[in-house]
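Work out the full structure, taking the sequences as your base and the hints as a guide.
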Amino acid sequence: MIYLLRKLSRGKREKGQVRIIEAILATFMVVSVIMLVMAFTRPLKSVYVRETADLRRLAYNLLNTLADNMVFEKTISSMPQGSPQAGNECTLYNLGFTATASLPPGLLFKMDVYKVEFNLTTGSSTLKWIGCASNYDWKNIRLVESEPIIYTYVCTGDPDSVRGTTLLIHLVIGYSG
Amino acid sequence: MVVAAVLIIGLLVMSILVTVYEAHTLFLTTRSPVVRETVGAITADFKRAIAAMLALATRAYFNYSEFTDFTDRFGGFGVSAYNRHNFTVARIAAKTYLEYWRQFIMKAYGEYGVQVSYQLLELNLSQELGRPRSVNNLMKGYWYLPVSGSYAYAKLKLNLTALGFYNWESDVFVGLTVTVYRNPVSVTASNVTIILNVRQDGDLDYSRNPPSVRGAPYGRLITSGWVRIYYPEKDAQGRYTGAWRQARIKDITYGGMGNYSITFEPAVDVLTDPLTKEQYVPIMVVVSDERGIIVEASTYKYIVFSIQRNTPDTLVYYDSSGQKQTLNRPSDISNEVYTLEMSSNLSFYWLNTTLQIDPKLKLPPFPYIPIKQIRVNVSLDGTKATLFERPIQYENWTTTIWRLANIPVNLPVGLSDPQMDFVRGDKYNTRLVFQVKFPSTSIKQQLVALWWKDDLDAQPAAYPTQITYIRDSTHKDIMHPLYDVELVDLEHPQSRGYLDYKGVAAAVLRDPQTDFAFGPYNLHAFDTYGSSSGRYGPYGVWKVYYSYPRYSWIQAPIRIFALLNTTFVGNVYASGDVRSDYYATLSILSVVNGTRYVPVLTYVYWMKDQEGKGYWLATEMGRGVADWFLYLTAGLQVKLQNQTYNSPFDWRSDPPVECYPDPGIMLAHWNWSRDLGRALILNWNGVQKLNSVGGSDARFCTTKIASENTKQGSIEYVFWPSDVERTVNKGTLVAFWNVIFDFRSSGPGFDTYPGSDAWKNAYIYAPMFLENYAPKVGPPP
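Chains as they are written, first to last, in my numbering: chain A, 1 to 177; chain E, 1001 to 1781.
It is worth saying that the hints were derived from the structure and are not from the lab.
Where is the CB? At the ideal position from N, CA and C, for every residue including glycine.
Don't take every hint at face value.
Stated by the list, open to error - Just the calculated beta-carbon pair ranges, DEER-fashion:
#	chain 1	residue 1	chain 2	residue 2	range
1	A	Asp137	E	Ile1008	37 to 45 Å
2	E	Asn1406	A	Met79	53 to 61 Å
3	A	Met79	E	Ile1401	46 to 54 Å
4	E	Glu1169	A	Met35	37 to 45 Å
5	A	Leu120	E	Pro1779	53 to 61 Å
6	E	Tyr1428	A	Phe97	50 to 58 Å
In structure tokens form, the structure reads like this:
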């Protein structure tokens, strides 16, 4: 009697251990499948964020390149002293050409350049729009994906007439669709 | 059941993990480019901002007017032509600009919650410059030496609060260093080739505290920067004029590692440094990088020469009986102190007379440098062992044609503005005034080294001085431990407790301790007024120069001088008797620190023929203090030169004035019991003029008894005495200097003589004030 009870008991215990092993294996299988699916699936939001970041990085790199080559000094020194470009057309063609040449094809941008004037009497800073550069018809074409960035630039290069001038650059860069 | 539970729990855990991972990835993807690029953009812009401010400061310092397109735009910040050599003002302007920039940045990048600040820390430049230097208050310039540089340094601190990014710090350093190798590579008949090394910015070494920097080789000098070379101009005789000219650069070659070989025209003399014996070409090199930061370097850092004493140690005179006597000076001649001037046109002066320069001495001019940075070292024993810094004073002089007499005269126009350049001008020249002492007869020459501080923040030299100028309702006095010179004139006619001079300009000598007035030194006088002598004296206002423009707290350390320039004469005895048809007077009186003499240089020009009783070249009253007097003969009326006549005063009222013929280089009166002696030493040109105008009437006179029967005891140089009536012709010019000399019975620099021979303590110093014994300038030994 005692012998039979012991045999029955061992059989039940072995069966329980097998089930636990089965459960663990099943869990691994489910997780593996989930991870496999995740690896092949990219959430729509991630795609959007990644491209946004790339655009910003690209915009900053573009402006850094222009800054390193002192393009802004050349741009504003070629303008009549103290007078912004006429109208609201983007006529900073040299700046636009240099920027376009520095960007991958297909990217569109509009760059507004402001001169920062420090008023020592009031202690305030004011922005004076001096012109813009663009490589597309920004009045009629709407960018589908775009990013704006702000960049500040203190002119250090020649000529002396612009050295020490503080600029604010508002750059919008993106795709047309 | 168990299996299902484990599965559900596993799925839940996995989904949470995946969500967290995805959120984290999204956060990083979103955040990192903005932070990195924004921080980079702001840091780069801060560097550009301080570079622009360093360019502003250095361009203004080098040549404000050349860069007005830049410098004028910062007038509102305080930068101006007036402050062009004021690095403190430039620094304040830079800080103001950076504050505006800082506030603007916080607004411009407001969407990221940017907080910007910067900290001014110390950065060690010793490794870069090869001497202990640092930048610790935003920016510094160390110029005008063979290794020179301009630097700015700050630590930028940044928070992007909207992105959870805090405590970003970045050391921002901009700098430009130029090393000019003194020894030229080659010198031909037409050009010179030199080597210079240029370094820009550089890496910070944090292993030291404070961190140090070593500049990176700058290879864009030819393409993006510029270099200029200035060489000293020569006159037709091959002597440097003190002016600089820009050289024509014929070739620049970049040899890598920041080294440039530059060939320029014309050829420049190769000089030898008298202290190190190194050879060098005296040039200035100015370099600018593409950011506009300027550095000015020179190939030399001092100018060395010697001042040679030319006074005899054994003097000759004749006693009253005509016997030749010799007088050996004591070995201690510590009162032989020369107050010399070196002009920016490289001339040297003593008593406004040009000194002779040994042709072997090749002195390069001073670099373009603000006056405030110039210093002088003078030896005490003629060797380098005692070649230490001594007081220096900066004065502006002009050589002008005195319109009335049509003669060129050197006139002071005030103490220099220390922030202006020490450059040779067409009209005005700066004079560096310094003193050379000869404490003993064994010393024949002293070394002098004029040098300059490399720190653009250097302030003008301020030294302790014993001379002061006091101006109030009762004083117009220049105080000196031995003299109180009260300047009486039109604006201060009433001498304190003494006489009213009715606008006549004179110098009343007072006791600095008791304020007792000994009476005036009268510059010039003509005619009598009733029974009173010396009716018409120069009538005008003494203009006193005693402090520097914009540094009013720095008193003139070496001498305070007063200038009288008038065409009027006034009656010292009656108000309202002012005439413009007698003579014009130009007089420079200076009270000199650390000496016993007061030089008075005078020019008198007669505008009309005038007849009068008595004509006085110069007189010094005594108010009865002296009990002895002496005069030396000129040898122009009598046979012997420097024959002495010394006598105690015989206080007789009849005659009240005693006169003696043929006055020479020195008059003296003294009171040995009071240990007080004063001498008038007249230069040889003055002695000759006295005799050419006065002829046989020229006299030394002493007024023993003054009006109201009081003792006077004056010593007077007289063209003709008051009992002679003669005419002075229009166009007569009298140019002379008198030195009022204080001598004592004993003390440093004096010998011990009996009361009757007390004058000898003045005579042993008299030669130093005469033309023939003026010191000479020569090469260092």
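| task | List, from low to high, the hint numbers that the structure doesn't satisfy. | result | Going through the list in order, the structure violates hint 1 alone and respects the others.
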